[in-house]
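Colleague: Now for the letters of each chain:
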Amino acid sequence: MTKLQKIRNSLFGIAMMVAAVVMAYKPKDAYESVIVFMALGFFVTSIATLGYYFTMAKYMVGGRMILYRGVVLFDFAILTGSITDVPRFYVIIYLAVLHLFSGLVEILRSREARASGGRGWRLKLFHGIFNMSIAIGCIVLARRVNTAVYMYCFGIFYSGLIRVIQSFRKTTFVYIR
Amino acid sequence: MQEDFHYYGTYCAAYLAGYSHEESLDICYCAQFVDLCSTTFLSKIKAPTKAATTQLQLEMMDARTDIIGLQDITRIWASFHFLPRDLYAYKPKRTKRYLNKFRLICGPNGDLLEKTVRIAKDKPLQHAGIAMHVLADTWAHMYFAGTPSLVINNVDNSFFEIIEKDGEEIARPIRFRHNPSAPDDIEKGLYTNSLYQSNENSIMNLGHGRAGHFPDYSFAKYKYMPAWGDYMEVLKDNPSDYEKAFTQMVYALKYLRGEVESFNKDTYDTSVMEKYGDRIRSIIRKRQLNACADWKSFGEELSGESIEDFDITKYEDEYDLIPADSKNKSFIGKFIEGALLQKGMVTDEISKAGINHAGFVLPKELNLRKSG
Numbered sequence: 001m002t003k004l005q006k007i008r009n010s011l012f013g014i015a016m017m018v019a020a021v022v023m024a025y026k027p028k029d030a031y032e033s034v035i036v037f038m039a040l041g042f043f044v045t046s047i048a049t050l051g052y053y054f055t056m057a058k059y060m061v062g063g064r065m066i067l068y069r070g071v072v073l074f075d076f077a078i079l080t081g082s083i084t085d086v087p088r089f090y091v092i093i094y095l096a097v098l099h100l101f102s103g104l105v106e107i108l109r110s111r112e113a114r115a116s117g118g119r120g121w122r123l124k125l126f127h128g129i130f131n132m133s134i135a136i137g138c139i140v141l142a143r144r145v146n147t148a149v150y151m152y153c154f155g156i157f158y159s160g161l162i163r164v165i166q167s168f169r170k171t172t173f174v175y176i177r
Numbered sequence: 001m002q003e004d005f006h007y008y009g010t011y012c013a014a015y016l017a018g019y020s021h022e023e024s025l026d027i028c029y030c031a032q033f034v035d036l037c038s039t040t041f042l043s044k045i046k047a048p049t050k051a052a053t054t055q056l057q058l059e060m061m062d063a064r065t066d067i068i069g070l071q072d073i074t075r076i077w078a079s080f081h082f083l084p085r086d087l088y089a090y091k092p093k094r095t096k097r098y099l100n101k102f103r104l105i106c107g108p109n110g111d112l113l114e115k116t117v118r119i120a121k122d123k124p125l126q127h128a129g130i131a132m133h134v135l136a137d138t139w140a141h142m143y144f145a146g147t148p149s150l151v152i153n154n155v156d157n158s159f160f161e162i163i164e165k166d167g168e169e170i171a172r173p174i175r176f177r178h179n180p181s182a183p184d185d186i187e188k189g190l191y192t193n194s195l196y197q198s199n200e201n202s203i204m205n206l207g208h209g210r211a212g213h214f215p216d217y218s219f220a221k222y223k224y225m226p227a228w229g230d231y232m233e234v235l236k237d238n239p240s241d242y243e244k245a246f247t248q249m250v251y252a253l254k255y256l257r258g259e260v261e262s263f264n265k266d267t268y269d270t271s272v273m274e275k276y277g278d279r280i281r282s283i284i285r286k287r288q289l290n291a292c293a294d295w296k297s298f299g300e301e302l303s304g305e306s307i308e309d310f311d312i313t314k315y316e317d318e319y320d321l322i323p324a325d326s327k328n329k330s331f332i333g334k335f336i337e338g339a340l341l342q343k344g345m346v347t348d349e350i351s352k353a354g355i356n357h358a359g360f361v362l363p364k365e366l367n368l369r370k371s372g
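In the order they appear, the protein sequences are chains H and U.
In case it helps, my numbering puts the first sequence at residues 1 to 177.
In case it helps, my numbering puts the second sequence at residues 1 to 372.
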């Protein structure tokens, strides 16, 4: 990673953490922000997909599918941005299922890693159990209206933290002459 | 390619190049070890993990596809399994972003192959084994790149195997499925491949994953439309290519032994085919999932010695027991040095070509503690 990439990555990670804390601090106003972020996410992805098509995929056999995908994602962005009255309960269930599935996959992977002699199985197991705990937390606290916001904030904070840590990882490969 | 060619096939090539039985065993051990020396294995024996020459399926599932992850992946796969043929290849009306991936397409007889063989000269046998793995794979993995890329490595349904029926060659459609536990079915033309992922950098789009294991079978003759091929079909003739791989290995090993003065591209030791051509062709062309038994039998006939089966744990104890300051004198230690040398050379060449997918390298003597 170049220095510029490191700085950009760190700043983005810090911005994610700050946004997560601010939203968690004012959960009642944050729900609209979550919708806006999701719409923005779709929008950025659609633009990136279209950019990918015009710079790379249009030279590929069957690459037109990427163009269609970009257009559909752009539609999703507009649709999500216009949603304002989805019951929060459904959002919480969505988050719970997501974490439950991720947790299960991580636990299964930790078993595989342990069987093949890898060292990282404990961390995977921890991630798996942690994800499962969040899923259970979502279900138990489903009646509390701010749960979705807190869970979403936690996810953003965690991703931001990982970005910052990744930025400081040593990435140079030492060449032996 | 798989164990049959990398281990037993390389043994035969080494023996025919003039190496002794013991030396040939060391060379072929290292050629096969390239497919097993993963981060998981190295961390298990407490060896430097940056010397990994492959990634296990589990490791790849966990690999991040951000710039760091992609560079890790490309360093391993481009250096040892998909050696780029031409890092300065050009295609008109293509963006730099596209060309950077296009230039990583693997193929035989490139400049990097010459460098791969030459840097193994006057080095321990472990280096020769690594070079033979890389050389052999340039033939089997032709047209695929050792970096995740949908626009380069994807294949569609227009994939046909050329088989003989009633004395005539016919094109039979190949069907791909995504069940990793199901063995490939040669008779029905049913093979396991990786899932289609529209993400350019998905690990599913690494190398020939989208064509499954099929390109690794020596008997396979097929035609298909590579994603980068502008809707033109290419014909891949593995029996012919594997024959070239074998004779090029013999030539390269003769060079490494000092019997031949220089190593040049597109040069083969055809003398072995004059004597053993029928036998070698019959092994290569036999339709089977694993040709280990046939290659082993041929090797044992050549040397009159027994060839032990490959055992990944063979040198673990030696590495474990040797003092820390002498690790580089052990069998695995020498392999690690060879792997780092090859990885460094390829990464440096890719970087010098202006392609950032493998990262960049620094001379060891700079010893920058805070580098990168």
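It should be emphasised that the hints constitute simulated quantities derived from the structure, not laboratory data.
Some hints here could point you the wrong way.
One-sided excerpt, in silico: chain U residues whose CB lies under 8 Å from chain H [stated by the list, open to error]: (1) I67; (2) T95; (3) R97; (4) Y98; (5) L150; (6) D166; (7) I170.
Cβ pair distances, simulated, as ranges [as the list claims (entries may be wrong)]: (8) U:Q197 - H:F89: 29 to 37 Å; (9) U:S271 - H:G51: 51 to 59 Å; (10) U:T267 - H:I14: 55 to 63 Å; (11) U:Y88 - H:A15: 35 to 43 Å; (12) U:I45 - H:K3: 49 to 57 Å; (13) H:K28 - U:N179: 42 to 50 Å; (14) U:A171 - H:R64: 55 to 63 Å.
Computed from a predicted model, the values in this text were never measured in an experiment.
We put the beta carbon where it would ideally sit given N, CA and C, even for glycine.
Colleague: Work down the list of hints and note, for each, if the structure agrees.
Modeller: Against the structure, the hints:
| no. | hint | verdict |
| --- | --- | --- |
| 1 | I67 | holds, 6 Å |
| 2 | T95 | holds, 5 Å |
| 3 | R97 | holds, 5 Å |
| 4 | Y98 | holds, 5 Å |
| 5 | L150 | holds, 7 Å |
| 6 | D166 | violated, 32 Å |
| 7 | I170 | violated, 23 Å |
| 8 | U:Q197 - H:F89: 29 to 37 Å | holds, 32 Å |
| 9 | U:S271 - H:G51: 51 to 59 Å | holds, 55 Å |
| 10 | U:T267 - H:I14: 55 to 63 Å | holds, 57 Å |
| 11 | U:Y88 - H:A15: 35 to 43 Å | holds, 39 Å |
| 12 | U:I45 - H:K3: 49 to 57 Å | violated, 35 Å |
| 13 | H:K28 - U:N179: 42 to 50 Å | holds, 49 Å |
| 14 | U:A171 - H:R64: 55 to 63 Å | violated, 26 Å |
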